[in-house]
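**Q** Now for the letters of each chain:
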Amino acid sequence: MTTTVTSLVNQPYKYGFVTDIESDVIPRGLSEDVVRLISSKKNEPEFMLEFRLKAYRQWLKMAEPNWAEVGYPAIDYQNIIYYSAPKQKEKLNSLEEVDPTLLETFEKLGISLSEQKRLSNVAVDAIFDSVSVATTFREKLAKDGVIFCSISEAMREYPELVQKYLGSVVPVGDNYFAALNSAVFSDGSFVYIPKGTKCPMELSTYFRINNGDSGQFERTLIVAEAGSSVSYLEGCTAPMFDTNQLHAAVVELVALDDAEIKYSTVQNWYAGDKDGKGGIYNFVTKRGLCQGVNSKISWTQVETGSAITWKYPSCVLVGDNSVGEFYSVALTNNCQQADTGTKMVHIGKNTRSTIISKGISAGRSENSYRGLVKIGPKADGARNYSQCDSMLIGDNAGANTFPYIQVQNHTAKVEHEASTSKIGEDQLFFFAQRGVSSEDAISMMISGFCKDVFNQLPMEFAVEADRLLSLKLEGSVG
Amino acid sequence: MSLQVSSPSESALSTAAEKRAIYLANLLDVSKRSPTTSPWLKELRDHATVRVQEQTFPTTRDEEWRFTDLSALLQTPLVAVEQPVVSLSLEAIAPFILPEAKASQLVFVNGKYAPHLSCVTDLPEAIVIGNLSTLAGTDGERLRPYLAQQPGAEEVFTALNTTGLSDAALVLVPKGVAIDTPIHLLFIATASNTASNTALIQPRVLVVAETNSAATLIEDYGAIGSGTYFNNSVTEIWIAENAQVNHTRVQRDGHHAFHIGKTAVSQARTSRYTCNAMSMGAQLSRHHLEIYQTGEQTETTLNGLTLLHGDQIGDTHSAIALTHPHGTTRQLHKCIIDDRAHAIFNGKVFVPKAAQLTDAGQLNRNLLLSSKARVDTKPQLEIVADNVKCTHGATVGQLEADEVFYLQSRGIDVSDARQLLVYAFAFEVIDQIAIASLRRTLAELVQCRSMGLRKAKI
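Chains as they are written, first to last, in our numbering: chain A, 225 to 702; chain B, 102 to 559.
Hints in this document: simulated from the structure, not taken from any laboratory.
Hints may be right or wrong, so weigh each one.
Stated by the list, open to error - Part of the chain B face toward chain A, derived, beta carbon under 8 Å:
no. : residue
1   : E483
2   : D487
3   : V489
4   : C491
5   : A495
6   : Q499
7   : A502
8   : D503
Backbone N, C-alpha and C fix where the C-beta goes; we use that ideal spot for every residue, glycine too.
Next comes chain A alone, as it looks inside the complex (with noise of 0.2 Å):
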């Protein structure tokens, strides 16, 4: 295990291009006119507005939050871009009237807009910077009354929906980024399924940043009514700056009686060069509610990119019978660093919730995992499992686990378990005695690993996955 893994890691970050395209951006900085021309840029009804300055002046009284296993030099948010749009034309009809160069774009990341290419059965909302570009099948859904557009347009088209369920997972001051996010938040998502709807298709957004003094601010909201399921996925990358990003997105999912929602990451924003110069720093509050009996939530998340990773998707269990689940993979090297982990919170009666954390440090990497497992006074026969298992590779990489247990219920049962290892010579040896190279032996190690996640995955993106862990560990092990 010497030289091949090295090499392995060391392969560049293909997404790393920035388009050359006109765009429309506002001044640096951040107050209360910022917040009310990203408003009235978005033609935004008057509750938006109200929200966002809540949340503005609650982010103002709070403090950036310093307990996770990550360092970074202090963040001036003044000197940040809070919206910036590709210009175009002022109301698209048709994918016809999408900026080429964007298609292009979005071509060269292997996400196809144009209808005769596009994954069959995915149905695409991109966006790029700080708005939506284009969403597609959007006709083909809406015969199944399924509404997946972009958070912009579903304040104008559903302010109703948007009014009810928005902020009511992550209130305006849940946290400091949340609070960031809710104040200048520019697009985002929204999916709606009605009642007893099975979506048809996978939905999926594809995020990109691409100005580099920008951050992205992007939020999704997705209701799955009584009965209905839906699964979603989301995408991103950004190109290489030598300057660091902010990505603070807030992600809510609310599930009624019965419903379900499937909802997995494939995480790749730029990670920064070997050093650590440049990277995203992804402060990410995601948090999913389990409102209805029997309803279920399940995340699925694969961590590969991003300098700082500071991201915790949870299950609040509220209905009785509801599900929590979350899958992870983080993979951190050179000099990344991940603080993430997951928060179930259970309060209705029999909740159940599982955990599987896989955690892979290479390099100069920190790597931890940090859950709450909260079992409720009134949460009769909860059940929680979780299991958090870390791989070094390399001794300078560092991994962590904090897990916090905390229960109130004698009739709940809680197990957790965490290991640590490393990738064996004698594994390796007995690989290359029957033949296998020892980067594809780490490759089939890595991907058995990981397997447990990678089986929650949608089919095509568990292959991406799993090429995509391949190519970044390509050659970290020397």
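Starting from the known structure of chain A, arrange chain B on it as the hints suggest.
**A** Chain B in isolation, oriented as in the chain A frame:
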């Protein structure tokens, strides 16, 4: 408008902070009143005083104290232990005496050495045992490199103990001496429930096991009378190369007592340390257990049992800092929580780059016996070395219905079945104790507790 709204809460906050500052200042003042004549002790005390002054009284806003609410202590004004110390007869402490260690025991009453109760005739000549004030003159030089020198001494309650350091239990096992007889260090607090004052008692223990030596040690905190007192103890254990210490710590303080105890252990190359920590007394207790490795190939075994009922709060914070290769650690901590009691466990294991080939295992198991019982647990692993084997686990649950049913199907009634299972859960830890009589006492105690005989001896 906003000013008017925010100002009362801010002032409430600041008065709470002030109250804590005043309380800590008072604690320091009370602590410093204990007499001393030795100049090097005075130097240690002054140094610790500065450390206390640099800090604030912990609150639940501090991560380390997040689940342990000290407000009950904060509402209890403390005074120094009355002088002269109440004299106790041997009969009075009879229930605490271990037959195996009858002639190898040191007894401290309210933190002060009680020579008429102590007896060390069973121990070999070579061993240095006694209390600091009498030994300081002859063996002072031998002890100076050890006393109050463990890492982690800056922690506020540890430093507070040092500020009042006037006497301590000392055990020095010289090179190559292995003692079979267990050494019993008994700390008795006498607090009648009629006393209006709550005393601050600060026991201190220093144990040094020199190269190739071996010793078995029982550190025992008990009470006569059911009054309130605050036991703030510190135990420092130094284990030299290839030495071995088997340490049993029993905390059976009175029901109204407060107990904050520290055990700091430094382990040199190929040394072995076993700790069996039993916490069952006090309304509010906390045990800091810190292991520092100073050489390679150390072996550490930590067994813990926390037994809580009523409104007790019982906290165990352990930290194992490995800094050398080939260390082995095994930790098992169990909590049995009944009534409205609240157990806290935090177990840290640090494995930096230097600690290659570490084999560390940690398991925390919690048994909740009632609907109001509560547990907050946080096993924590921080690993950088890659060639290591580290695992940790935590479970929370109640008695398995299947197991109770199995016993019922064999003609054992529900309450007996439950009691048997609780006993079995606890016995896995109790069984590790090397002293038969203590094992029996503790086993009985677990049985009394699980039968609901709340007035059983504590």
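**Q** Would you settle whether the hint for B:V489 is holds or violated, based on the nearest Cβ-Cβ distance to chain A being less than 8 Å?
**A** holds (6 Å)
**Q** How about B:E483: closest beta carbon in chain A under 8 Å, or not?
**A** Constraint on B:E483 satisfied, holds at 5 Å.
**Q** Should the interface hint for B:D503 be scored as holding, given a Cβ-Cβ cut-off of 8 Å against chain A?
**A** violated (13 Å)
**Q** Double-check B:A495 for me: the hint is only fine if its C-beta lies closer than 8 Å to a C-beta in chain A.
**A** holds (4 Å)
**Q** Let's test the interface hint: is any C-beta of chain A closer than 8 Å to that of B:A502?
**A** Hint violated; B:A502 Cβ to chain A Cβ min 10 Å, cut 8 Å.
**Q** Hold the hint about B:Q499 up to the distance rule: shortest CB distance to chain A must be less than 8 Å.
**A** Hint holds; B:Q499 Cβ to chain A Cβ min 5 Å, cut 8 Å.
**Q** Please verify that hint: B:C491, Cβ, nearest Cβ of chain A, below 8 Å or not.
**A** It holds, given that the least Cβ distance between B:C491 and chain A is near 4 Å, below 8 Å.
**Q** Do the numbers back the hint for B:D487, that is, is its least Cβ distance to chain A under 8 Å?
**A** OK, holds: B:D487 within 8 Å of chain A, min 4 Å.
In terms of the numbered hints stated before, the structure departs from hints 7, 8, listed from lowest to highest.
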